[in-house]
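Asker: Here are the chains, one letter per residue:
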Amino acid sequence: MKTIIMRTEKSSRWGAMLLATVVAIITSLAVANATQTITTPNAVKITYNLASGASSAAITPATNTSVLVMGCCTTEGGVGHVSLMHIPSTIIEWVGLESNNAAAITQGATKAAHHMVYINASHTVDIQVASADTIVIHNAHPTVQAGNVTLIW
Amino acid sequence: MRTKRSSRWRAMLLATVVAIITCLAVANATQTITTPNAAFISYNLAAGKDSAAITPAASRAVLIIGCCTTNAPGQMSVAQVTLLHLPGVGMLWVGLEATPNASITQGGASTSGPIVHLDSFHQVVIQAASADTILIHNGSAGTRAGNVTLVW
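Read top to bottom, the protein sequences are chains A and B.
Heads up, the first sequence is in the numbering used here, so the first residue is 637 and it goes up one at a time.
Heads up, the second sequence is in the numbering used here, so the first residue is -11 and it goes up one at a time.
In case anyone wonders, no lab produced these hints; they're calculated from the structure.
Source: prediction; values computed, not measured.
Note that the Cβ used here is the ideal one computed from N, Cα and C, for glycine as well.
Careful, some of the hints might be misleading.
[Said to hold, decoys possible] Distance ranges between label pairs, derived from CB positions:
# : chain 1 : residue 1 : chain 2 : residue 2 : range
1 : A       : Asn700    : B       : Pro61     : 34 to 44 Å
2 : B       : Pro102    : A       : Ala687    : 36 to 46 Å
3 : B       : Asn32     : A       : Ser719    : 28 to 38 Å
Take the sequences, apply the hints, and build the full model.
Answerer: As structure tokens, then:
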């Protein structure tokens, strides 16, 4: 009788320990899932001063992460922005807002040359996709235009 | 002898010119990765009150994200704009008004005027205060709190 009671006690103790272990593992997994790593963002500022019809050097955005691209024209005025995703050698996708004063949603995905977002008031200076991996700033205004573009990720 | 020397000098000159042009092209494509700047402004404004004036960085695009955290129906919300501050001239911006009635906000102001609303009822607003400053205004009937972050 005593042996049976002892065996039952031992068995329930092992059961409780097993249950506690399972609960601890599940809790740890849930906590790990919710962990956020706070990091310092990166930024690149590109200044441009482009003759009519000219393009900047190619800019390669960070890959496999969303990148905020905001640009302005300090000659004529105007500001626009997009968030962009660059999948290396594959595609550049974006969504954002064309510059004032004719703001509208701009969005797309391409690996070939394509307009992305205007950054001056008359919609003649824009950031364009240049290839699957690069973007450029292009000035289609009849005069020299200057400003800057900031990438943050 | 003279012809040989002359062509050698020419070749060296050509090589130097090519090297300089190559260096310039490479320098043009160089990107310097830095840490962006940010300013975090908390507000807690009584009805009809304005925050202190805020001077955004000049001659570059600045991302402004703002929210109203007052926990009551129709008050909490979030919005964003990119803004260009041309010193002594004014502000230009484009962005999205606060939810749930989001729409494009865009414009320019050299004195005062609304830029973007931060609460659901569109009563808390970031507005131009002068050619060089913006402020947060609480146009609601009660106290409203929240914060605004500028990143550039």
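Asker: State for each hint whether it applies.
Answerer: Evaluation of the provided hints:
Distance hint check for Asn700 of chain A and Pro61 of chain B: the Cβ-Cβ separation is about 40 Å, which falls inside the suggested range of 34 to 44 Å. Look at Pro102 of chain B against Ala687 of chain A: about 37 Å separates their beta carbons, and that is inside 36 to 46 Å. Asn32 of chain B and Ser719 of chain A have their C-beta atoms about 30 Å apart, which keeps the hinted 28 to 38 Å range intact.
Every hint, counting from the list given before, is met by this structure.
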